Amino acid sequence: STDGSEEIIQTFINNHGDREIKYIKNEKNLGLAKNFEKGLQFVSGQYVAVCDSDDVWFSKKLEKELNFLKKGNFGMIYSDLVVVDENLKTIKKSFLKSGLSFFSNQKNDTFWELINDNHITAPTILFKVELKEKIVPFSKYGLQDYWIALLASMCTKIGFFSQPTVYYRQHSNNMVGASKLSFFKLVFGKDEKFFQKHLQMKKNNLMFLYDLQNVEWIEEKYRRSISRKIEKTRLLVENLSQFEEKNSKSA
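Residue numbers (our numbering): 1 to 251.
Incorrect hints may appear among the rest.
Stated by the list, open to error - Quick list of simulated restraints, FRET-style, between CB atoms:
#1 Asp54 x Asn15: 15 to 25 angstroms
#2 Glu7 x Lys38: 15 to 25 angstroms
#3 Glu216 x Leu66: 29 to 39 angstroms
#4 Arg223 x Cys51: 26 to 36 angstroms
#5 Phe194 x Leu235: 16 to 26 angstroms
#6 Gln196 x Glu219: 35 to 45 angstroms
#7 Glu219 x Gly45: 27 to 37 angstroms
#8 Glu6 x Leu66: 24 to 34 angstroms
#9 Lys249 x Ile13: 53 to 63 angstroms
#10 Gln163 x Lys246: 41 to 51 angstroms
Claimed, not checked - Below, a list of computed lysine to any residue pairs in the SDA-like style, where the Cα atoms sit at most 25 angstroms apart:
#11 Lys140 x Gln196
#12 Lys140 x Leu235
#13 Lys157 x Leu69
#14 Lys97 x Ser53
#15 Lys64 x Gln196
#16 Lys38 x Thr11
Read the hints as simulated data drawn from the structure, not as lab findings. Just so it is clear, the structure is predicted and the values come from calculations on it, not from any experiment. No residue lacks a Cβ here, since even glycine has one placed at the ideal position from N, Cα and C.
Whole structure, please, built from the sequences with the hints as guidance.
Given below as C-alpha cells:
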C-alpha cells in the first residue's frame, strides 16, 4: 500500500493494546483475492468476517450477524450494503436493489441460482471457520466473492440478513467497484475499448469455471452443471472473438 495504511495500522495497534490484533505484512503485493486467501491461514476463531480496504462496518454488525447465523443454523450469511463515496455520502441505498447486473436473481441463494450470476458481496459475509477448508485455494480468474459464494452453496446453508451492514466506498482508487460491465453498455455503449474489456471478462469467466470444476470435493450433480456453463461460456467467447477479429480486419 502507498496510502499510509501501514502507519495507520501500527498507530491503531499501539493505541489498542488491550485488543488481540495480528498484523501480517506481505513481502510483495499479492492482489486482493490471494491476500484474502493468505489471511485465512491465520484465522483461529470460530467465525470469519471480512473488512476490505476502506469499507466501514455498521455498528454491531458482527453481533447482529452472528445472532442471525446461529438462530438460522447457517454455515454462511451475507447482507445488503450501502454504496457511498469517499466521504461516506450515499450513492446507492441498496446494492442488491440497484447495483446488481440484469441477470442476477436473488431468491434462495442456492447453487442453481448463483451459478448464473453472483449477488453475495465479501464485505458483508460471516461464515463458520470450517468453511475455509472448502474454499481455498481461490481461483485467480475471478473475484473471491463469487468463488466463496458458489463453493459455500454446495456444502452449507446460506442465509440472507435483510439489513445492510456495510458502507462500501466507491471511488476511483479502490480495487473493486460497485459498477459492472453490463449487457446494455455492450450493446448500446460507444466506448471502443468496452468490447475488448467484455471479451476479456468472459475469457476470465471461462477459466474461473474450469478452476471451479476441478475442485475435488464437489458432488457430481454440481460438476455437470458447471460443465454445461463452461460449454455455453466457451461458445460465447468463440463468437465474441470471431466478431472482434472481423471488426479488426474491416477497420
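For each hint, the structure was consulted:
| no. | hint | verdict |
| --- | --- | --- |
| 1 | Asp54 x Asn15: 15 to 25 angstroms | holds (19 angstroms) |
| 2 | Glu7 x Lys38: 15 to 25 angstroms | holds (22 angstroms) |
| 3 | Glu216 x Leu66: 29 to 39 angstroms | holds (30 angstroms) |
| 4 | Arg223 x Cys51: 26 to 36 angstroms | holds (33 angstroms) |
| 5 | Phe194 x Leu235: 16 to 26 angstroms | holds (21 angstroms) |
| 6 | Gln196 x Glu219: 35 to 45 angstroms | holds (37 angstroms) |
| 7 | Glu219 x Gly45: 27 to 37 angstroms | holds (29 angstroms) |
| 8 | Glu6 x Leu66: 24 to 34 angstroms | holds (30 angstroms) |
| 9 | Lys249 x Ile13: 53 to 63 angstroms | holds (58 angstroms) |
| 10 | Gln163 x Lys246: 41 to 51 angstroms | holds (50 angstroms) |
| 11 | Lys140 x Gln196 | holds (20 angstroms) |
| 12 | Lys140 x Leu235 | holds (22 angstroms) |
| 13 | Lys157 x Leu69 | holds (10 angstroms) |
| 14 | Lys97 x Ser53 | holds (23 angstroms) |
| 15 | Lys64 x Gln196 | violated (43 angstroms) |
| 16 | Lys38 x Thr11 | holds (23 angstroms) |
Checked against the numbered hints above, the structure violates only hint 15.
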